[in-house]
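Please model the complete structure; the sequences and the hints are all you need to start from.
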Amino acid sequence: MIFSSIQNVLFKTSSLPAHLTSYDVLKAAAVLLMIVDHVGYYFFPENDGLRLIGRFCVPMWFFLIGYARSRHLGWDLVGGAVLLSLSRFVFGMTIFPVNILWTIIVIRLVLDPLMKRLLKDEVSYKRLFWVVMTVLAVLGAPLVLVTEYGTQGLIFAAAGYLCRKKYDMREGSAGSIFMTKDIVSHLFVFSIFIFVISQILMFGFQGYEIVALAIGTMIVVVGLYSFRPAEIQMGFLRFIVPFLQIMGRQTLWIYVGHTLLFRIVATYISPERFALWEWQWAGPERVVVLE
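Using the numbering used here, the letters of the sequence shown correspond one by one to residues 1 to 291.
Hints are computed from structural coordinates only; laboratory data are not their basis. Idealized CB from N, CA, C, for every residue including glycine. Some hints could be false.
Unchecked claim - Label-pair restraints from in silico Cβ distances: (1) 228 x 189: 16 to 22 Å; (2) 73 x 235: 35 to 41 Å; (3) 19 x 134: 39 to 45 Å; (4) 269 x 110: 35 to 41 Å; (5) 202 x 86: 21 to 27 Å; (6) 270 x 216: 25 to 31 Å; (7) 113 x 180: 17 to 23 Å; (8) 270 x 185: 42 to 48 Å; (9) 95 x 135: 22 to 28 Å; (10) 269 x 86: 18 to 24 Å; (11) 272 x 233: 47 to 53 Å.
As the list claims (entries may be wrong) - Only pairs whose alpha carbons sit at most 27 Å apart, straight line, appear in this in silico BS3-like list of lysine-lysine: (12) 116 x 181; (13) 166 x 181; (14) 126 x 181; (15) 120 x 181; (16) 166 x 126; (17) 116 x 166; (18) 116 x 126; (19) 120 x 166.
Following this line, the structure appears as structure tokens:
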């Protein structure tokens, strides 16, 4: 009865299924990895292991943006982005890079027209697709100083977009873009390479950390490549279904809420890193660049 009440209060809407879905499970996994990452970011900055574990949620978030059919930009998304940006003034952080929600907003705006142009026909694919993907990869390094994950997120979103198109075609939906047989797998391999290299350079991972990052990223990407919409049966673990659904269906509010909470607590216990109102526009800061 308690679990039923939780479900009714938090996410009982006509647009969401009552059963547990593969979306819920994937998003819940991403939420847990994100929280581990942020625990390291705010409270244990010297612990590279927590940051390393947290890296694996990044491909999941951007993949799901591309995989989704909707590109809706609700006021909750925009409002969350604005709220977190304003909070950086309060908690003594740099204003740039802006938070990942702004990156998500931009990707939702540009992904469909970009992919339709790059894959308009075989000529467009041969002349543009890999050139543009390479440019996005190169631009990822400088643009990460402006918005979290820069254009790197767009590459994973493109992989999710193509993965969804491939699934739709298998289900009988007519394809409106040009796709080669191996384009999806090739883009996933490309995204692994770009992501691992960028994270090594940004976080300074060394030795076994690099190996763990590479293997973990490959495992995550293989899982994403195989992702399909499905109903999940939990059997004797069905008691955790409401919690998985909450994490899977309230991800935006979990992200905004726990980030604000962590910033408040971190300001109290680490004033040397998070000093109230001592913000700056950009440049070196007391806290790590990416959350």
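The hints, checked one at a time:
| no. | hint | result |
| --- | --- | --- |
| 1 | 228 x 189: 16 to 22 Å | holds (20 Å) |
| 2 | 73 x 235: 35 to 41 Å | holds (38 Å) |
| 3 | 19 x 134: 39 to 45 Å | holds (42 Å) |
| 4 | 269 x 110: 35 to 41 Å | holds (40 Å) |
| 5 | 202 x 86: 21 to 27 Å | holds (25 Å) |
| 6 | 270 x 216: 25 to 31 Å | holds (28 Å) |
| 7 | 113 x 180: 17 to 23 Å | holds (21 Å) |
| 8 | 270 x 185: 42 to 48 Å | holds (44 Å) |
| 9 | 95 x 135: 22 to 28 Å | holds (26 Å) |
| 10 | 269 x 86: 18 to 24 Å | holds (22 Å) |
| 11 | 272 x 233: 47 to 53 Å | holds (50 Å) |
| 12 | 116 x 181 | holds (17 Å) |
| 13 | 166 x 181 | holds (9 Å) |
| 14 | 126 x 181 | holds (14 Å) |
| 15 | 120 x 181 | holds (16 Å) |
| 16 | 166 x 126 | holds (19 Å) |
| 17 | 116 x 166 | holds (14 Å) |
| 18 | 116 x 126 | holds (14 Å) |
| 19 | 120 x 166 | holds (16 Å) |
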